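With this note's numbering, letter number 196 in the sequence shown gets 253, and the count goes up by one each step, no holes.
Treat each hint with caution, since some may be false.
Calculated lysine-lysine pairs in the DSSO-like style (CA-CA distance at most 27 Å, straight line) [claimed, not checked]:
1. 232 - 271
2. 242 - 267
3. 203 - 152
4. 228 - 181
5. 228 - 203
6. 288 - 232
7. 125 - 150
8. 84 - 74
Rather than coming from a laboratory, the hints here were simulated on the basis of the structure. As the structure is a computational prediction, the values presented were derived from the model and not from experiment.
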Amino acid sequence: MIDIHSHILPGIDDGAKTLSHSLDVIKEAVNNGVTDIIATPHYVNETIYVSPRVENVKLLAKLRAAVKAEGIPVNLYLGNEIYIDNNIPELLKTKKVSTLYDSEYLLVEIPLNEEFPNYEEHFKDLISRGYKVILAHPERYAIIQKDYEIAKNLRKIGVLFQCNLGSLSGKYGKKEKKLVRRLAKDKMVFTFASDIHHCRGDKDWQKSFKKMTKLYNETEIKQLLIGNPRKILTTSCK
Numbered sequence: 058m059i060d061i062h063s064h065i066l067p068g069i070d071d072g073a074k075t076l077s078h079s080l081d082v083i084k085e086a087v088n089n090g091v092t093d094i095i096a097t098p099h100y101v102n103e104t105i106y107v108s109p110r111v112e113n114v115k116l117l118a119k120l121r122a123a124v125k126a127e128g129i130p131v132n133l134y135l136g137n138e139i140y141i142d143n144n145i146p147e148l149l150k151t152k153k154v155s156t157l158y159d160s161e162y163l164l165v166e167i168p169l170n171e172e173f174p175n176y177e178e179h180f181k182d183l184i185s186r187g188y189k190v191i192l193a194h195p196e197r198y199a200i201i202q203k204d205y206e207i208a209k210n211l212r213k214i215g216v217l218f219q220c221n222l223g224s225l226s227g228k229y230g231k232k233e234k235k236l237v238r239r240l241a242k243d244k245m246v247f248t249f250a251s252d253i254h255h256c257r258g259d260k261d262w263q264k265s266f267k268k269m270t271k272l273y274n275e276t277e278i279k280q281l282l283i284g285n286p287r288k289i290l291t292t293s294c295k
């Protein structure tokens, strides 16, 4: 599995707090079939979650060194989970935030429980600039839970969907589980990712993978967990 959404960089958001914690989270992911992880720390303007790219690069280098020293077989890359904002193009231009592994793919989140003004226009603008916008965990947003047409409209304009593995097993609640199943059945998911912040336990990973087999065949699962996310790594400018 290539995991495009994780919070493994230590001490900069609500994910791993220490380097040791990061390593524990990564080990668990690798034990459950993850071969590549894109670190996507939150970037939320005017909050404490504004660690700039230059600092994230340094943290990733330290984490890579620690992973190598521990002999953990995983490849690590840098990105961001960017909270929807009027200034995303400027944040990218000034290198405050990162696309996913310096590709044209951009991981964006919107408010969980409210509507961000003109969010669809912001997505259209980013797409017009050549970015491939991936919406993080669409199944978790109240506006989509209430109105499925919003999901359809976002897909029509070119927004890709990254759903959370944990949503399949009900980790976030019944509404999230119901919506992710609908998105899956309608073939609207680009990839599933862990969105991992802390160790979840092997049983939780395996429960989610088992739920996938009820919704997809083996070929489809490989495309969702490996094929589609690999497009991000192979289109990187690195």
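Evaluation of the provided hints:
Taking the CA atoms of residue 232 and residue 271, the gap is near 18 Å; set against the 27 Å cutoff, the hint holds. Pair hint residue 242 plus residue 267 holds up; C-alpha atoms about 16 Å apart against a cutoff of 27 Å. With a C-alpha separation of about 35 Å, the suggested pairing of residue 203 with residue 152 is violated against the 27 Å cut-off. Restraint check for residue 228 and residue 181: not satisfied, since their Cα atoms lie roughly 31 Å apart, outside the 27 Å limit.
Only pairs whose Cα atoms come within 27 Å are accepted, and residue 228 paired with residue 203 is accepted, the gap being roughly 19 Å. At roughly 30 Å between alpha-carbon atoms, residue 288 and residue 232 are farther apart than 27 Å, so this suggested pair is violated. Restraint check: the Cα-Cα separation between residue 125 and residue 150 comes to about 32 Å, which exceeds 27 Å; the hinted pair is violated. Between the alpha carbons of residue 84 and residue 74 the distance comes to roughly 15 Å, so the proposed pair stays at or under 27 Å and holds.
Checked against the numbered hints above, the structure violates hints 3, 4, 6, 7; every other hint is satisfied.
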